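J.: Listed below, chain by chain, are the residues.
2 protein chains.
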Amino acid sequence: MTPPTPALEIDLAQVDRNCTAVARYAAAHGLAWRPHVKTHKSSRIATRQLAAGASGLTCATLREAEVMATVCDDLLLAYPPVDDDRARRAADLATQVRLGVMLDSLASAERLSVALVAVGATARVLVEVDAGMRRTGVAGEAEAVALARAVTALPGLAFDGFGFYPGHVRTAGSEVDAELARLSAFVLALRAAADAAGLEVRTISCGSTPLLWRSHEIAGITEIRAGTAVYFDRTSVLGGVATWEDCAAHVMATVVSTAVPGQAVVDAGVKAIGREPLRGGAGEGFACVAGRPEVPVVRLSEEHGVLDLSQTDWRPVLGEVVRLIPNHICVAVHCFDVMMCSDGEVERVEARGR
Amino acid sequence: MTPPTPALEIDLAQVDRNCTAVARYAAAHGLAWRPHVKTHKSSRIATRQLAAGASGLTCATLREAEVMATVCDDLLLAYPPVDDDRARRAADLATQVRLGVMLDSLASAERLSVALVAVGATARVLVEVDAGMRRTGVAGEAEAVALARAVTALPGLAFDGFGFYPGHVRTAGSEVDAELARLSAFVLALRAAADAAGLEVRTISCGSTPLLWRSHEIAGITEIRAGTAVYFDRTSVLGGVATWEDCAAHVMATVVSTAVPGQAVVDAGVKAIGREPLRGGAGEGFACVAGRPEVPVVRLSEEHGVLDLSQTDWRPVLGEVVRLIPNHICVAVHCFDVMMCSDGEVERVEARGR
Numbered sequence: 001m002t003p004p005t006p007a008l009e010i011d012l013a014q015v016d017r018n019c020t021a022v023a024r025y026a027a028a029h030g031l032a033w034r035p036h037v038k039t040h041k042s043s044r045i046a047t048r049q050l051a052a053g054a055s056g057l058t059c060a061t062l063r064e065a066e067v068m069a070t071v072c073d074d075l076l077l078a079y080p081p082v083d084d085d086r087a088r089r090a091a092d093l094a095t096q097v098r099l100g101v102m103l104d105s106l107a108s109a110e111r112l113s114v115a116l117v118a119v120g121a122t123a124r125v126l127v128e129v130d131a132g133m134r135r136t137g138v139a140g141e142a143e144a145v146a147l148a149r150a151v152t153a154l155p156g157l158a159f160d161g162f163g164f165y166p167g168h169v170r171t172a173g174s175e176v177d178a179e180l181a182r183l184s185a186f187v188l189a190l191r192a193a194a195d196a197a198g199l200e201v202r203t204i205s206c207g208s209t210p211l212l213w214r215s216h217e218i219a220g221i222t223e224i225r226a227g228t229a230v231y232f233d234r235t236s237v238l239g240g241v242a243t244w245e246d247c248a249a250h251v252m253a254t255v256v257s258t259a260v261p262g263q264a265v266v267d268a269g270v271k272a273i274g275r276e277p278l279r280g281g282a283g284e285g286f287a288c289v290a291g292r293p294e295v296p297v298v299r300l301s302e303e304h305g306v307l308d309l310s311q312t313d314w315r316p317v318l319g320e321v322v323r324l325i326p327n328h329i330c331v332a333v334h335c336f337d338v339m340m341c342s343d344g345e346v347e348r349v350e351a352r353g354r
Numbered sequence: 001m002t003p004p005t006p007a008l009e010i011d012l013a014q015v016d017r018n019c020t021a022v023a024r025y026a027a028a029h030g031l032a033w034r035p036h037v038k039t040h041k042s043s044r045i046a047t048r049q050l051a052a053g054a055s056g057l058t059c060a061t062l063r064e065a066e067v068m069a070t071v072c073d074d075l076l077l078a079y080p081p082v083d084d085d086r087a088r089r090a091a092d093l094a095t096q097v098r099l100g101v102m103l104d105s106l107a108s109a110e111r112l113s114v115a116l117v118a119v120g121a122t123a124r125v126l127v128e129v130d131a132g133m134r135r136t137g138v139a140g141e142a143e144a145v146a147l148a149r150a151v152t153a154l155p156g157l158a159f160d161g162f163g164f165y166p167g168h169v170r171t172a173g174s175e176v177d178a179e180l181a182r183l184s185a186f187v188l189a190l191r192a193a194a195d196a197a198g199l200e201v202r203t204i205s206c207g208s209t210p211l212l213w214r215s216h217e218i219a220g221i222t223e224i225r226a227g228t229a230v231y232f233d234r235t236s237v238l239g240g241v242a243t244w245e246d247c248a249a250h251v252m253a254t255v256v257s258t259a260v261p262g263q264a265v266v267d268a269g270v271k272a273i274g275r276e277p278l279r280g281g282a283g284e285g286f287a288c289v290a291g292r293p294e295v296p297v298v299r300l301s302e303e304h305g306v307l308d309l310s311q312t313d314w315r316p317v318l319g320e321v322v323r324l325i326p327n328h329i330c331v332a333v334h335c336f337d338v339m340m341c342s343d344g345e346v347e348r349v350e351a352r353g354r
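Each protein sequence line maps, in turn, to chains A and B.
1 is the number of the first residue of the first sequence in my numbering; add one for each residue after it.
1 is the number of the first residue of the second sequence in my numbering; add one for each residue after it.
Everything labelled a hint here was simulated from the structure, so no lab data went into it.
Any given hint might turn out to be false.
Pairwise CB distance ranges, derived in the manner of DEER restraints [as the list claims (entries may be wrong)]: (1) L12/B / G262/A: 43 to 49 Å; (2) A181/B / G283/A: 35 to 41 Å; (3) A27/B / T243/A: 55 to 61 Å; (4) Q96/B / L106/A: 54 to 60 Å; (5) H168/A / T222/B: 42 to 48 Å; (6) G291/B / G262/A: 18 to 24 Å; (7) A118/B / T243/A: 43 to 49 Å; (8) E245/A / A142/B: 54 to 60 Å; (9) H168/A / V346/B: 49 to 55 Å; (10) D337/B / A51/A: 51 to 57 Å; (11) E175/A / A185/B: 37 to 43 Å; (12) T222/B / P293/A: 51 to 57 Å; (13) A27/B / E245/A: 56 to 62 Å.
Computed from a prediction, not measured in an experiment: that's the story for all the values here.
All C-beta atoms in this analysis are idealised placements derived from N, C-alpha and C, irrespective of residue type, glycine included.
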C-alpha cells in the first residue's frame, strides 16, 4: 500500500544534525542562534532546535509566536505590530514570555507601547534597518538612531538594538565578498551612531540561510536567525550552503501520468511545493527529485508537477512514489496541514494559519 | 479595531451573481455545468453553485471529493486514481454518489476497477485526452479509443466519453480563434473515431475559465468545468473574462511598512496570495489593490507583499487595510484555513489538505 500523496516527510535525525551544525557554528563564533520558525511552524521541531542550543526563537506571525510560547520563553517577533490585532496579541505574549519585537516605524512602537501598558508588560525592541534589500527597515543609521531614541522614550518598551535581513545577498553570485564587507561597514556605522547617541546596543540580529556559514564575516552582529537551515532545500544546495544529504524535508509524490512522452507527471503541484523560482540563475524548475538532481519539476499546475526526463535515462512508472526537494521548503511546508515524521508520528504543522 | 490580516474575504452576493451568469450561459448553449471545486474547496460555496444550476461538481483531490459528497450526489474526479489510496477512496465514494473518473492510463483504469469490484460499486469513466497542453491525457483519437475500449472491458467501469483541459489556450493572445477551431476539429475527430469503434459517447467535458464564455465555439462538447469563475481573479479580468466588480474573493491585508520610499509593504506575501505569474504578457506582479489596478504587488516574501506606488498618487498609511485581487485566486484560497464571508460567518476552507 502506497501512502497518500502528496505528503510532507521530515527526517528527524537529519533535523537534529542540521541543528547541531548551526549551533556549533554559532557557538564557535560567539553568536546567539535564534532560528526563525516560519520554516517548520512546529513546536516539536522548535523543541529540537532549543535542545540543540538555540537561545530563543524568531517568529513572523502572531500565530507562530503563540504556538512557540508553549515551548519557549524567549521569542522575537520579527514583524511590526502595526495593527490593533498584532499589538494586542504581542502584548498578551509579553505577559507570558520574554518578548522582543522588531519594528521600523514610530507608529508600530507607539501602538505596541499602548498595548503593553494596558496589560502591564514590557518588551525589548530591535529597530529594523534596511541593509539593502529594500523591503522593510528604516534607511541608514540616522533614521535608525532617531527611532531608537523615540522607542526609549515610550513606556513598556526597552530599546535593545538593531535587526536586519540581508535577503538581497545571494551566495550564488561572485559579489558575496563585497556584500559581506558592505554589511560589516553598515553594522559598524550603526554601532558608532548608536554609541554617539548614548544608546546601549545589546543585540544586532541578522539572518539568512544563504549567508549562514559566513555570518561571522559580518562584523559586529550578535545573533543569527537562519530558519531554512533546519531543513535546507534545493536553493540551499545549489547555493552551496548544504548538500543534498542535508535536506531533511521532502515532498513525497506519486507519478500519476506518463502519457505525454519525455516527461512524467506527479501529484505535487503549486498546492504542494509552491512556485518559488531559483535565484541568481542557479537553475530551472521548482523542485527536483531526491537522488536525481538532474530531474527538475519544470512545470506546475495546482495539483500537477511535470518532471523533465530529458537529462536522465530513468523512466518512472505509473504509481511510483518519488521524493521531491522543493526550491523553497518554507513555502512547501505551508502547503501542508501535517507532516509525516521519521519516527512514525504524524504531526500537525500547527502554526499554519493566522 | 482592524480585523486580523491577511484574511480571505468572500462576497457571497457576487458569488451568486457569478454562478447565475455561468449557469445561464451554459443553459443557453445546451452545455452542462460541472464547476471545479478546487477554487473554493468549500461545501458551502458548492451548495450555491448547485442551487444556481450546476449539474454536479468536479474535484481534483480525494479530500475535495469526500467533502463534496456531503452536499452533492454527482461528482467527477478529474484526477487519475493511479495509486492504492486514491483507488480505494474513489471506490468508497462510488458507493455513495454517482461517480465519474477522468483518467489517461490503463493502469489507473485497472486499479480503479479492482477497487470498485471489491466494494460492489461502479463508476463512469472519461478518457482524458491531451488537447495540446502537454500535461496529461493520451495523445490523439487512436490512443483515446484504444483506452476507451479497454475501459469498456473492465468490470465496474462504464465508458462515458472524453475529457480534456485546454489550459494552453489563453484569451490574451490573438490566436484564440485559431485555437478554438483546432479544439473543435480535435473534438470532432474524437467523436468520429469513437463512432467508428462503436463506442457511445455521452459526455465530452472541457473546462477552463479563460475560455469560459467562448466554450460554445468548441464544437461537440457537452459539459464545461470552469472553476475560477466562481470568484474570478486578476488573470480573469486582464484576460477579458470578467470585470473587477465580478471578483468575489479578496485577500485583506494591512500596510505594515512604508519605510522604503516609493512603495508600501503589506502583510500578504507568498503564504497568502501565492507567486502565480500573469500569463501571456498581460502585466506584471502577483496581485493588485482592489479599486486601484494600477497598484500591483510587485515583490513577495513569505509574509510581505510590496506594493509599487510608482503609477499612483495614493499613499497608503501604516495600519491601513487594503483588499488585494490575486493573479490566481485558487492558489490564494489554498493558503487560508478559513474565509470571512460577507454574511458575517467564518467558514473553514474545509477541503484543504489531503
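J.: Tell me, in ascending order, the numbers of any earlier hints that this structure violates.
T.: 5, 6, 8, 9, 10, 11 and 12
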